[in-house]
Amino acid sequence: MNKPFAITLDVGSSLANKTGSWRTERPVYVDRLPPCNHACPAGENIQQWLYHAEEGNYEAAWREIMRNNPLPAVMGRACYHPCEGACNRAQLDRPVGIHAIERFLGDEAIRCGWKMPVEAPSSGKNVLVVGAGPSGLSCGYHLTLMGHQATIYEAGPMAGGMMRFGIPKYRLPRDILDAEIRRIEEMGVAIRLDTKVADLAETMRTHPFDAVFLAVGAHLAKRAYLPAGDASRILDAIGLLHNLETGEKPLLGRRVLVYGGGNTAMDAARTAKRLGAEETIVVYRRTRERMPAHDFEVQEAMEEGIMFKWLSTIKAESGGTFTVEKMRLDDKGKPQPTGAFETMEADSLILALGQDVDLSFLTRVEGLEIEDGVVKVGPDMMTGCRGVFAGGDMVPAERTITVAVGHGKKAARNIDAYLRGATYAPPPKHELAAFDKLNPWYYADASPTVQPILDRARRESTFEEVVSGLDESNALFEARRCLSCGNCFECDNCYGVCPDNAVIKLGRGNRFEFNYDYCKGCGLCVQECPCGAIRMEPEQI
Amino acid sequence: MSGPAQVKFYQTGTFTIGNRLLDVSVRSVQADENRSNSLTSGHRACQGCGEALGARYALDTAMRATGNRIVVANATGCLEVFSTPYPESSWQMPWLHSLFGNAPAVATGMAAAMKVKGRTDVRVIAQGGDGGTVDIGFGCLSGMFERNDDVLYICYDNEAYMNTGVQRSSATPPAARTATTPAVGGEPGNVMHQGKNVPLIAMAHGIPYVATATVADLRDLEYKVDRAMGIHGARYLHVHVPCPLGWGSAPHDTVKVARLAVECGLFPVFEAVDGEVVGRRTIRRRVATDEYLKLQSRFRHLFSPKRDEERLAAIQAIADRNIARFGLLGEGVPA
Ligand SMILES: Cc1ncc(C[n+]2csc(CCOP(=O)(O)OP(=O)(O)O)c2C)c(N)n1
Ligand code: SF4
Ligand SMILES: [Mg+2]
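Chains as they are written, first to last, in the numbering used here: chain A, 63 to 603; chain B, 50 to 384.
Just so you know, these hints were derived from the structure itself, not from any lab. There may be inaccurate statements among the hints.
What the hints assert, rightly or not - Taking lysine-lysine pairs in the BS3-like style, the calculated list, with each CA pair at most 25 Å apart, reads:
| hint | chain 1 | residue 1 | chain 2 | residue 2 |
| --- | --- | --- | --- | --- |
| 1 | B | Lys-305 | A | Lys-499 |
| 2 | B | Lys-343 | A | Lys-499 |
| 3 | A | Lys-388 | A | Lys-371 |
| 4 | A | Lys-80 | A | Lys-567 |
| 5 | A | Lys-396 | A | Lys-284 |
| 6 | B | Lys-305 | A | Lys-567 |
| 7 | A | Lys-394 | A | Lys-371 |
| 8 | A | Lys-187 | A | Lys-177 |
| 9 | B | Lys-355 | B | Lys-343 |
Stated by the list, open to error - A few chain A residues that face chain B, going by a derived Cβ cut-off under 7 Å, partial list only:
| hint | residue |
| --- | --- |
| 10 | Pro-561 |
| 11 | Lys-567 |
| 12 | Glu-590 |
As the list claims (entries may be wrong) - Residues from chain A that keep clear of chain B, each with C-beta distances beyond 10 Å, as calculated:
| hint | residue |
| --- | --- |
| 13 | Gly-74 |
| 14 | Gly-367 |
| 15 | Pro-397 |
| 16 | Glu-493 |
No residue lacks a Cβ here, since even glycine has one placed at the ideal position from N, Cα and C.
Produce the complete structure using the sequences and hints provided.
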């Protein structure tokens with residue numbers, strides 16, 4: 063070969079030099095568990111549905127929610143969104159308004175009539191679900207998706223359970239609730255209303271079901287011992303909300319006391335105001351900081367003019383005069399009586415002291431165990447009686463509709479396994495994508511979108527929904543505030559910052575791959591990945 | 050200010066290299082699957098080398114701006130040595146190794162040759178390290194500016210002669226430890242000198258375009274290379290490129306170190322047209338100079354065995370002066 067003077071070798075590419083051999087550690091792509099997902103009692107993959115919503119692909123986002131939760135429009139309104147409490151964005155400015163986007167997606171699905179197709183072949187198995195509340199509906203929905211026939215027996219005249227009888231209209235409009243329940247029915251879940259199961263053992267004997275899921279909730283109002291001259295002035299919160307729903311309008315009078323500090327107390331007080339009470343006073347034995355009600359509910363109640371009397375217990379009633387004892391908190395934060403009394407005038411008293419489960423229908427079920435007023439279940443949601451599962455407010459857990467929906471899903475998965483003679487093994491959880499795994503530099507400053515709030519005058523007099531939804535552009539903006547914690551969102555940072563071009567871009571939707579022939583293991587990609595989706599691992603030698 | 054378009058509220062805006070939510074027209078060159086990779090894999094730069102990164106960022110942009118018609122003259126230094134150990138090369142365009150001190154002059158010749166041959170479509174780039182640019186090549190560079198030759202000169206400033214073992218250059222910052230300014234004696238490290246600010250000297254020549262950039266802000270760097278390639282005459286781009294080996298920083302911190310240099314005010318990022326500053330990148334999250342210095346062992350003697358308060362304050366004063374002089378505080382950044 064003819065070469066110029068002093069040249070003995072052809073020009074070669076440095077690609078012949080595999081610098082990957084320098085490496086002692088290697089970067090690997092991982093999916094970490096976003097804190098929102100981790101906190102969701104219904105097990106939603108929030109980061110994943112936000113990912114679709116960020117692209118404006120609302121239907122895909124909604125379908126991702128529906129993999130875990132059949133009631134997005136309800137949940138977007140009524141869930142207390144523990145996801146937002148865990149959201150990493152809170153450490154930059156404010157959490158992503160997950161509930162508002164979920165609500166937008168849920169409403170969008172109703173508006174567009176999106177349906178869930180049942181693709182699984184029929185298994186021929188029949189499952190009885192007792193109770194058409196969030197847990198029962200969720201279980202029936204998931205069982206249907208898996209090919210089983212679910213039949214729900216509901217004691218009341220309407221489906222929805224606590225979603226209907228526990229959450230006032232101004233937080234959850236009934237057309238929304240009805241639409242989401244109707245969609246579940248249309249998939250093939252049979253709902254038998256006014257069908258009370260009085261004795262489960264008897265029902266199981268006469269109607270041979272392959273499995274049973276119990277989700278009757280907790281409807282019995284707890285009473286306080288209260289010597290009262292005129293018992294008709296005293297009613298309970300759950301009964302009040304229930305009667306309102308079935309069309310009865312209770313006469314509360316001008317001045318109403320609400321006794322209790324939970325969310326039901328807030329609902330009752332706000333409802334009383336809307337029913338025309340001029341003064342509504344919440345009486346609670348501890349302080350505001352120690353109230354179990356969610357802060358935003360207390361806030362909204364205060365805005366509506368509800369008054370609060372802290373550190374007080376109601377001792378007796380006589381002719382519209384209530385005797386109230388002042389309390390003080392001891393070092394442990396427990397309220398202690400002080401012996402100092404005062405009186406308050408009121409036309410009625412609403413008790414909101416919690417609820418118990420009506421367990422009378424279970425007495426003859428063999429093996430089923432009851433402890434502290436609730437039904438014992440294993441990690442698979444099965445009771446002591448084989449083939450009988452339970453969930454929601456009637457089992458030991460936090461009593462929220464989201465927990466109930468989660469129970470319904472979990473039970474359905476275990477029932478499905480049970481019906482096939484198998485056991486359900488949940489997939490292993492990924493490592494948590496904590497804030498220290500992120501590189502927050504890369505996130506643009508974007509303050510949260512505010513949902514419009516109904517003005518006060520209308521809130522005090524009507525049952526119109528207090529908080530409005532987001533419109534499309536707001537929802538898109540809000541979705542794009544998500545940091546995509548622990549999961550690649552294809553920002554190209556790793557592909558860009560590698561000084562050795564050792565990252566291969568696989569094209570939209572396919573993420574990236576490392577070219578270990580050239581990766582020197584510097585770790586720049588790990589450091590500069592905004593969302594913590596790359597991990598360094600020691601090289602195996 | 051002028052500068053690359055800021056896209057708001059797309060999760061990361063334009064802070065990241067790319068983003069699937071961005072319109073293709075506003076994505077960076079580096080986000081492109083088919084970018085030219087002007088400096089390809091297999092080069093022998095250290096792990097996390099800022100110079101290798103900066104060179105690919107700059108030249109890929111120039112390639113796209115010119116439809117791949119560039120020729121490059123490269124001064125001696127790491128960039129040349131790690132990319133082209135005979136007979137291999139990592140460069141994927143016509144590339145010529147000059148001497149340590151004459152890259153600007155060689156580029157002038159290349160530009161003249163292209164003109165004679167009527168190849169005005171082919172553009173000329175010269176590049177080198179800080180030693181090759183601000184020290185030994187400085188005479189040639191000044192001549193190139195003065196003649197307004199049609200060359201973009203890119204200096205990759207890693208603040209010392211890295212290739213020969215980290216000797217001090219006139220771009221080495223005050224107090225930094227190098228092989229020739231060891232951390233011994235009463236005032237360990239480099240003297241507290243005023244340095245030599247070549248971007249300002251370039252501006253004094255009144256050339257059409259002068260800019261500074263860093264590997265921590267790719268969008269800005271690409272915008273400047275693109276803008277420079279749209280102009281004829283002498284142009285100068287000064288890119289701050291951390292060197293893990295010479296600075297004693299962790300290889301994975303290269304971009305972070307470059308970012309903190311900007312955020313603390315020690316490295317002002319600006320651009321100038323015809324000798325006048327027309328734009329600057331304002332500080333987004335201001336940090337004290339200590340935060341920047343602490344990541345680098347070349348400044349360790351300022352912190353241990355005890356804090357050298359006097360010189361740390363002097364370095365902070367340099368940053369404060371830059372901030373005031375170039376107007377680096379944007380809206381909402383606490384002073
Ligand atoms: C005239 C001459 N003197 C000295 C050298 C040795 N030499 C080669 S590279 C280099 C330092 C390069 O420093 P810089 O330009 O800052 O580039 P870096 O390696 O830091 O990227 C020196 C001194 C040389 N090649 N030629
Ligand atoms: S010594 Fe510095 S400039 Fe040279 S290859 Fe290593 S990191 Fe890059
Ligand atoms: Mg140098």
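Handout entry: Holds or violated: Lys-80 (chain A) to Lys-567 (chain A), with C-alpha atoms at most 25 Å apart
Key = Within the cut-off at roughly 19 Å; holds.
Practice task
Sort out whether Lys-371 (chain A) lies within 25 Å of Lys-388 (chain A), counting only the CA atoms.
Solution key: 10 Å, holds
Problem - Pair hint Lys-187 (chain A) and Lys-177 (chain A), alpha-carbon separation not exceeding 25 Å - result: 23 Å, holds
Handout entry: Interface exclusion of Pro-397 (chain A) relative to chain B, criterion Cβ beyond 10 Å
Key = 45 Å, holds
Practice task
Mind verifying the non-interface call on Glu-493 (chain A)? Its CB should be farther than 10 Å from each CB in chain B.
Solution key: 19 Å, holds
Handout entry: Agreement of Lys-305 (chain B) and Lys-499 (chain A) with the hint, judged by alpha carbon distance not exceeding 25 Å
Key = 15 Å, holds
Handout entry: Restraint check for Lys-305 (chain B) with Lys-567 (chain A), where alpha carbons must lie at most 25 Å apart
Key = Holds, because 23 Å separates the two Cα atoms, which is no more than 25 Å.
Practice task
Compare the distance between the alpha carbons of Lys-394 (chain A) and Lys-371 (chain A) with 25 Å, and conclude whether the hinted pair is satisfied.
Solution key: Satisfied, since the Cα-Cα distance of roughly 21 Å is no more than 25 Å.
Exercise for the section: Would you settle whether the hint for Lys-567 (chain A) is holds or violated, based on the nearest Cβ-Cβ distance to chain B being less than 7 Å? Expected result: At 5 Å from the nearest chain B Cβ, Lys-567 (chain A) passes the 7 Å test, so the hint holds.
Problem - Holds or violated: Lys-396 (chain A) to Lys-284 (chain A), with C-alpha atoms at most 25 Å apart - result: 20 Å, holds
Handout entry: Pairwise hint evaluation, Lys-343 (chain B) against Lys-355 (chain B), where the allowed Cα distance is 25 Å at most
Key = Holds - the C-alpha atoms of Lys-343 (chain B) and Lys-355 (chain B) are around 13 Å apart, at most 25 Å.
Handout entry: Hint consistency between Lys-343 (chain B) and Lys-499 (chain A) [alpha-carbon to alpha-carbon, up to 25 Å]
Key = With a Cα-Cα distance of about 21 Å, the restraint between Lys-343 (chain B) and Lys-499 (chain A) holds, given a limit of 25 Å.
Checked against the numbered hints given earlier, the structure breaks only hint 13 and satisfies all the rest.
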